[in-house]
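Visitor: So you can see what is in the structure, the chains are spelled out below.
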Amino acid sequence: MRQTFEQSFALHVPSSSENLAMIRAFVSEVAFRAHLGEDESLLLAVAVDEACANVIEHAYGHDATKQVMVRALLDEDAIRFEVVDQGKGFDPSIIEPKDPRQLVKERASGGLGMGLIRRIMDEVVYHIVPGEKNELLMMKRLKKQR
Amino acid sequence: MRQTFEQSFALHVPSSSENLAMIRAFVSEVAFRAHLGEDESLLLAVAVDEACANVIEHAYGHDATKQVMVRALLDEDAIRFEVVDQGKGFDPSIIEPKDPRQLVKERASGGLGMGLIRRIMDEVVYHIVPGEKNELLMMKRLKKQR
Amino acid sequence: MPDTFQILEEQQGEVALLRLHGYLDAHTAAEFESAIQRRVDQGCACIVVDCEKLSYISSAGLGVFMSFIEELREKEGDIRIGGLLPKVRQVFDILGFTEIFQLFDTADAAVTSFQLKEEGDATNV
Amino acid sequence: MPDTFQILEEQQGEVALLRLHGYLDAHTAAEFESAIQRRVDQGCACIVVDCEKLSYISSAGLGVFMSFIEELREKEGDIRIGGLLPKVRQVFDILGFTEIFQLFDTADAAVTSFQLKEEGDATNV
Ligand SMILES: Nc1ncnc2c1ncn2[C@@H]1O[C@H](COP(=O)(O)OP(=O)(O)O)[C@@H](O)[C@H]1O
Ligand SMILES: Nc1ncnc2c1ncn2[C@@H]1O[C@H](COP(=O)(O)OP(=O)(O)O)[C@@H](O)[C@H]1O
Numbered sequence: 000m001r002q003t004f005e006q007s008f009a010l011h012v013p014s015s016s017e018n019l020a021m022i023r024a025f026v027s028e029v030a031f032r033a034h035l036g037e038d039e040s041l042l043l044a045v046a047v048d049e050a051c052a053n054v055i056e057h058a059y060g061h062d063a064t065k066q067v068m069v070r071a072l073l074d075e076d077a078i079r080f081e082v083v084d085q086g087k088g089f090d091p092s093i094i095e096p097k098d099p100r101q102l103v104k105e106r107a108s109g110g111l112g113m114g115l116i117r118r119i120m121d122e123v124v125y126h127i128v129p130g131e132k133n134e135l136l137m138m139k140r141l142k143k144q145r
Numbered sequence: 000m001r002q003t004f005e006q007s008f009a010l011h012v013p014s015s016s017e018n019l020a021m022i023r024a025f026v027s028e029v030a031f032r033a034h035l036g037e038d039e040s041l042l043l044a045v046a047v048d049e050a051c052a053n054v055i056e057h058a059y060g061h062d063a064t065k066q067v068m069v070r071a072l073l074d075e076d077a078i079r080f081e082v083v084d085q086g087k088g089f090d091p092s093i094i095e096p097k098d099p100r101q102l103v104k105e106r107a108s109g110g111l112g113m114g115l116i117r118r119i120m121d122e123v124v125y126h127i128v129p130g131e132k133n134e135l136l137m138m139k140r141l142k143k144q145r
Numbered sequence: 000m001p002d003t004f005q006i007l008e009e010q011q012g013e014v015a016l017l018r019l020h021g022y023l024d025a026h027t028a029a030e031f032e033s034a035i036q037r038r039v040d041q042g043c044a045c046i047v048v049d050c051e052k053l054s055y056i057s058s059a060g061l062g063v064f065m066s067f068i069e070e071l072r073e074k075e076g077d078i079r080i081g082g083l084l085p086k087v088r089q090v091f092d093i094l095g096f097t098e099i100f101q102l103f104d105t106a107d108a109a110v111t112s113f114q115l116k117e118e119g120d121a122t123n124v
Numbered sequence: 000m001p002d003t004f005q006i007l008e009e010q011q012g013e014v015a016l017l018r019l020h021g022y023l024d025a026h027t028a029a030e031f032e033s034a035i036q037r038r039v040d041q042g043c044a045c046i047v048v049d050c051e052k053l054s055y056i057s058s059a060g061l062g063v064f065m066s067f068i069e070e071l072r073e074k075e076g077d078i079r080i081g082g083l084l085p086k087v088r089q090v091f092d093i094l095g096f097t098e099i100f101q102l103f104d105t106a107d108a109a110v111t112s113f114q115l116k117e118e119g120d121a122t123n124v
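Protein chains in written order, with numbering that gives the first Met the number 0: chain A, 0 to 145; chain B, 0 to 145; chain C, 0 to 124; chain D, 0 to 124.
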């Protein structure tokens, strides 16, 4: 059954890293609806996982009474994920992309997440409305030969 | 990590029976958080599946532009599921529970769903607000010896 | 990888053997129903459903079993079930279906149960 | 059944072998980090991570590898990876980590690579 309209899926879970596995299972299910294979599906799970791990750590400081919200939008051309938080927010433009080799030299254990998201997705947009919400919109085009 | 507060999870999917598998995966993940085993987890998936299959068929008549909404609430004592629809509604009190043997005699292919839900869950409440929403609230107590 | 649904069909003498894979729910029940209906239309009354690889069933799946059994028993046939996993069997149990349907440990045993009956009938001639 | 995370540890001569099972994400990375830290504190510089049963990694897991490698290489040791599944290897590839880390088809091959080096060193004495 080919759907011609956009299909929308959403998952809300408590803001705790133990729920990242559940978020990835959700992404896999949506990727399955988009007829993606295991490799592509895993990469989408990574991108959404990174976005949600940032919300859990940076936006909500591991306060599990807060909710992580993920939306997935699926149409014939693309799969889109939206991760929204109402945390303190940040200025994504001043977070410079770091070279993994440089991070290795610095013995860093973090700083890879946003770079991974950008390398996996075809379009990444931050939409920050200060004091209201921080949205991360990620889009991956679907290949036509389905 | 034992959580003392109530944890809330929610899933929204297009109202199509192909998404029932996704709803069951969601229920399994929440059951896993509640430390339930495979058998108990499957029965909860059945109860929520039946509730959602009714929404897809009876409330929305297979209109996949509508959304099926499931919420799960987890605390130390119980796991609760809420399935809400904004469909035409119905009067659950006039739907008499049918004996499976009688249904077999009638060569029926349906009519088992609500009976299954009642047999699986410890508490089942319908909360119908005509013209507004139809809520099915299902509760299963968790055994203390976790 | 998410699970799906598949039916593999075999004919063993008079017995139609349907092997189910994956989940039987409101989405996949129609496919199962047509597979049985096709066999019934061909005049087959003895059906075995192999459930060893069936990971899940909801009322829509049970409804397929329920709607055919009387018709097949009237025709001196039956729909018999083999290899049900314990987690799936629970759902049959809860509705009392384990008393209505004949369950066997394996699909082979279910197929044999029909053949024994036929041999029995033949000797009685 | 949802996947979880587990580490099985072995000592093979000078080499500490850590076998990972399940997923390595922001939730489980801390456990992996302490396992490596413990080995480093014990004076072990040669570490092999068996990833044959690793089903998933995110940046938090990669970060653990990243934060230890310089320190271990300074101590004439290394952290080497065996048996990475293709779907997981993609994540290493995307960040160029396949060029920074030494990857082997199996954990055994990774363990042997350290032992050859030791023998080499011994012969050079
Ligand atoms: N949702 C968010 N809310 C607040 N800050 C964020 C958010 N997402 C990312 N950041 C900021 O961006 C930085 C870079 O993120 P990332 O590349 O994922 O690396 P890491 O999370 O390991 O530091 C974070 O350290 C944090 O300061
Ligand atoms: N969410 C709902 N909206 C409207 N009607 C419903 C809903 N849930 C159940 N019903 C009604 O209750 C009846 C019994 O449901 P059930 O026991 O699940 O059997 P079946 O769905 O196979 O008919 C349905 O046939 C339908 O008329």
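Since the hints were made in silico from the structure, they are not lab data.
Values in this document were obtained by computation on a predicted structure and should not be read as measured data.
Positions of the beta carbon are idealized from the N, C-alpha and C atoms, including for glycine.
A hint or two may mislead.
Output of the computed footprint for chain A on chain D, the stretches with three or more beta carbons under 8 angstroms from beta carbons of chain A [stated by the list, open to error]:
(1) 22–31
(2) 36–43
(3) 68–77
(4) 91–105
Visitor: Please write out, lowest number first, the hints stated earlier that are contradicted by the structure.
Guide: As far as the earlier hints go, only 2 is violated by this structure.
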